[in-house]
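Given the coordinates of chain A, assemble chain B onto it according to the supplied hints.
Keeping their order, the protein sequence lines are chains A and B. Per UniProt numbering: the first sequence = residues 1 to 198. Per UniProt numbering: the second sequence = residues 1 to 107.
Rather than coming from a laboratory, the hints here were simulated on the basis of the structure. Remember, predicted model here, so these are calculated numbers, not experimental data. The C-beta atom is built at its ideal place from N, Cα and C for all residues, glycine as well.
Here are some of the chain A residues that sit facing chain B, going by a computed Cβ distance under 10 Å: (1) Arg136; (2) Met157; (3) Pro159; (4) Pro160; (5) Gly189; (6) Gly190.
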Amino acid sequence: MTPETSEAPPTKWRHAVTTANKWRHAVTTATEAGFTHFDWLDCSDQIGRTEEFCLTLCLRHGDPYRGEETLIETSIPRDEASVDSLSDVFPGITWSEREIADLFGISFTGGDPRPLLLPPDFGAHPLRKESVAAARVAASWPGAKEPGDAAPSRRRMVPPGVPDPEVWGARDADAPEPDPADVAGSAEGGRVRRRRTR
Amino acid sequence: MSHGRIDLIESRCTSCMICARECPVWCIHIESHTEVNADAPTQQTGRGPRSRTRNVLDSFIIDWSICMYCGICVEECPFDALEWADAAVPSADLAGLRHDIDQLAPT
Chain A
1 MTPETSEAPP
11 TKWRHAVTTA
21 NKWRHAVTTA
31 TEAGFTHFDW
41 LDCSDQIGRT
51 EEFCLTLCLR
61 HGDPYRGEET
71 LIETSIPRDE
81 ASVDSLSDVF
91 PGITWSEREI
101 ADLFGISFTG
111 GDPRPLLLPP
121 DFGAHPLRKE
131 SVAAARVAAS
141 WPGAKEPGDA
151 APSRRRMVPP
161 GVPDPEVWGA
171 RDADAPEPDP
181 ADVAGSAEGG
191 RVRRRRTR
Chain B
1 MSHGRIDLIE
11 SRCTSCMICA
21 RECPVWCIHI
31 ESHTEVNADA
41 PTQQTGRGPR
51 SRTRNVLDSF
61 IIDWSICMYC
71 GICVEECPFD
81 ALEWADAAVP
91 SADLAGLRHD
101 IDQLAPT
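Okay, chain A solo, but in the shape it has when bound (with noise of 0.2 Å):
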């Protein structure tokens, strides 16, 4: 089947949200209505918003010409970061799935468990906004400096990744873990005031 023209047709978004217990049917019901192309599998962290991760999936109608697309979308809460895995629905997800495990620590029932990036003893999963670049908190970073030899600002710079030390690092041993939300929260970067120093 070729269209009379060769100009493909706009591309038609369809947006669905769902819950994480709902994931699965909403995948399903997709399936059915003609979306059997699975394009691509996305997680994002809504630390900072929502004690969340969202979790989109985009499918393709099965007709190219249609032009359709659909993403459904899906928050799963930190504390109990797991859904349904779509392993039987789409086999090719299985690469993306693992994907997602190793770097936000999703687990997906029902799914390949083995990781595929990271090793398996690395023990974090670093597109969590709370996971620190340990390297990067002992390496200088050129952009501290300020233009020309002006004397550092009150409010200094700081890279983004790396938290602040009361924070994380150089902190009270005794101290409780520091809680998710404050690493990273204390990790964006630019300008921050200058802790007075005892």
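For chain B alone, kept in the frame of chain A given last:
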């Protein structure tokens, strides 16, 4: 145009540090100092007259062994002092991949 390397247009650079701060891999190192600009009129401030100063670039190093050619520095520079260039960066050793102004801003 291919993205072989990034050139510096030295006369446009104000040593504002924006590229070094935006660089995701921390590969840009800038050294600069401040000089009194004798041509500019003095500025009247609440504490009396103050001479105008400007930043002078001493060294602008891109470490090509770290650079991932993302082009964020080119995009972010408010003075268009960085631009893509064709020629790739050849070197036999890591130290030779730290290019300073004389290599980044060919005259």
